[in-house]
Amino acid sequence: MIEQLPILNLLVLLSTALVIPLFKKRTFNMTLWFGFFTLFFVFISSIVLTYHVYVHGAFYYHLGGHAPFLGIELLIDGFATFFTTFVLGLLILIYSYSAGDATEGISEKEYGRYYILLFILLFAMLGIIYTNDLFNIYVFMEILSITTCSIISIKRKKENYTSAFRYVMLNEVGSLSFLFGVALIYMITGFTNIGLVADALPDVWALYPANIILAVGFMVIGIGIKAAIFPFHVWLPDAHASAPSSSSAILSGIVIKVYALIFVKMLFRLYGVDLLTELNIPIILTVTASVGMVLGSMFAMAQKDIKRMLGYSSVAQMGYIVLGISLFSYLGLRAAFFHITSHALLKSALFLSVGAIIYKQKERRINHYDGIGKLMPLSMGVFTIAALGMIGIPITSGFISKYNLGLAALDANQTILIGVLVFSGLLNAMYYLPIIIQAFLKEPKTPVYMIKLEKIPLTMMLPIAILGLAILTLGIYPNLVMNLIDLAVESLGF
Amino acid sequence: MIEFLQMLYDYVNYLGAVALFIIGLHTVVTHSNLIKRIMGINIMGTAVFYFFIAIGNVTGGLPPILTDTPGEYINPLPSVLILTGIVVVVSITVYSLSLVIRIYETYGTIDQDEIAKINERENADD
Amino acid sequence: MDDIIVKSITRIIIPFVQLYGIFIILHGHVSPGGGFSGGALFGTSLILYTLIFGVDKAQKKFSHRVSEIAESGGILIYLSIGVIGIFTAGYFLSNKAAGFPLGEAGSLLSGGMIPLLMIGVGIKVASTMVTLFHTLIMEERL
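Chains as they are written, first to last, in the working numbering: chain A, 1 to 494; chain B, 1001 to 1126; chain C, 2001 to 2142.
Accuracy of the hints is not assured; some may be wrong.
BS3-like mimics (lysine-lysine), calculated; alpha carbons at most 25 angstroms apart, straight line [as the list claims (entries may be wrong)]:
(1) Lys1036/B to Lys157/A
(2) Lys374/A to Lys362/A
(3) Lys155/A to Lys1117/B
(4) Lys442/A to Lys360/A
(5) Lys374/A to Lys157/A
(6) Lys362/A to Lys158/A
(7) Lys2007/C to Lys2060/C
(8) Lys442/A to Lys455/A
(9) Lys158/A to Lys374/A
(10) Lys362/A to Lys304/A
(11) Lys2007/C to Lys2057/C
(12) Lys442/A to Lys374/A
(13) Lys1036/B to Lys158/A
(14) Lys1117/B to Lys158/A
(15) Lys304/A to Lys1117/B
(16) Lys360/A to Lys1036/B
(17) Lys360/A to Lys155/A
(18) Lys362/A to Lys442/A
Hints are computed from structural coordinates only; laboratory data are not their basis.
Generate the whole structure from the sequences, applying the supplied hints.
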């Protein structure tokens, strides 16, 4: 029965999204509890799957019992189970936060719709992580991009429409490029199954090099646009800044990470290290990642709106992840995976705490944040922890991931990357530290006489506090997830 | 020269698809009219579908339906994949057109440059 | 539109369009077409009705609530037929192994569960087309 759990997860999420609109007559709370129970079920089942894969090893699931070259194949291995469990755990936190703060810019009629979109989004993300079929990845990617765009445009504000439009245009260019790549691959191999294509590629490489070079180019650019890898990041800051806070956390913390995971899957499972090294892809990726790390932080410094600043910071952090991937080594991939985990926690913590501040103070401009640490110690405290994590101060998870990245760079004999890492860390400090100093050391505009915990709903406070604790725990005991990450890296063939 | 023309003739479907893809990309990137950009996306989509169908085609092949007459038949899988692709592009088109309706309602224009100007003016007021 | 010719022609045409839609949905497994094309045809007939008789009358025939239920129901039919496969054959969407009779190839009653799936897809596509069209029209009125 455990073999059926991945498909059950997908089905449960999809049917939750379908059943919610039928609840219209019932109260909103019922929808919330219903959604929470499904999330919890899927979370438990993915923990069971993780344990199963840890003990018994990876397994395949064939939809309809068809052979892999005919039908859709799901591959459940260390990589898939670790990231699904992580995504679901993080999403439960954000979900319970959104129960308190769904009001931000969404009218009451739209609550139900927001949760429909959320569950379809989750369905698509799990599907992308599980599936082992190129065309299926494309379909899930399109579902994902339509739902993210709808979540961005659910707030009835001007800038949401324009940023959602820009997002949908660029994303569509990205996914059509990816599809073109799939077509080129299908043309020469006759398969869309990743495993079968990977087996066939070395033979085909000698016969049709032009096709493969074009396919690699189209697919790297296509996913690069969607994962906001540096030169293609223009859509990200607007889109992530204008969405409601809980969705910004999902978009910036999870969704672009899922695209990074497709990127990893495509590079290592489909093409393989040898072919890509021959095409000089590692060097191209290293250069773009380094430039992205530096320039993303520089753009972030120039921002006045705090959520836009966080959006540009995501661009820089995607640079770290791509840097880890581009080293094409066991250590590099390990560092990249740890950074995916750690940055997802950090960015969600930042967006949620900023969301709590916006919820309470209705203020998004950075220069109005004087003394806000005295008004809202918990939110600002977690913000501080996460910001220190972004800079890479020890005892936060950000330090561990940078340490690992540094080790991987040394291992690959690329000492110049250490310089880039340190410089980018400094740049991070230059825009995160002033906010912290401003918030805790300056006097607030309205004087307060006593520090007391802010009055925000418990469902919002709890996730923020848990995220803060998780960042510290991962910083002190990184081995809690390192075993699983090692398993994930090993399942990619290292 | 003859060889070049022969190659052109042999690969006309593939070259046509690539040309369409580039025309579509050019439309998406350079035009400021939002509707024209959506059209560009559709052209790009058509290019990819055309390419897929061209891969699956067998010259003189039969439709892949079970009949009594034996013979070479066309590969049905690309067509099936493309049916899904068409549905996806249609839904993207519908979604972005509805966004354009919203944008027209709030800004009174569907030109990217004019929208940028209006935004700049409003940000200057802050 | 208040034109007697258009109205009476539409009244005559709509049943045939719908019949053709249902025909294509049910023959999806033996001839070109299927749930998507047939559903689109069926949806178009309802859109035609809306165009000619106005959205108010159309809403009475096919209200928002009904189309919502049909939209969810279409996929739920698909999923529940797929789930049968999990219990009987061990794989989602199993066809022959799950005990669906395959019948004689080329006849209407063949293909196991595929016609059943096509019905679900057809319902979903038809109701989605109508919902999209109605939403766009109603939006203008607000």
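Original post:
Hint by hint, which ones does the structure fall short of?
Top reply: 5, 9 and 16
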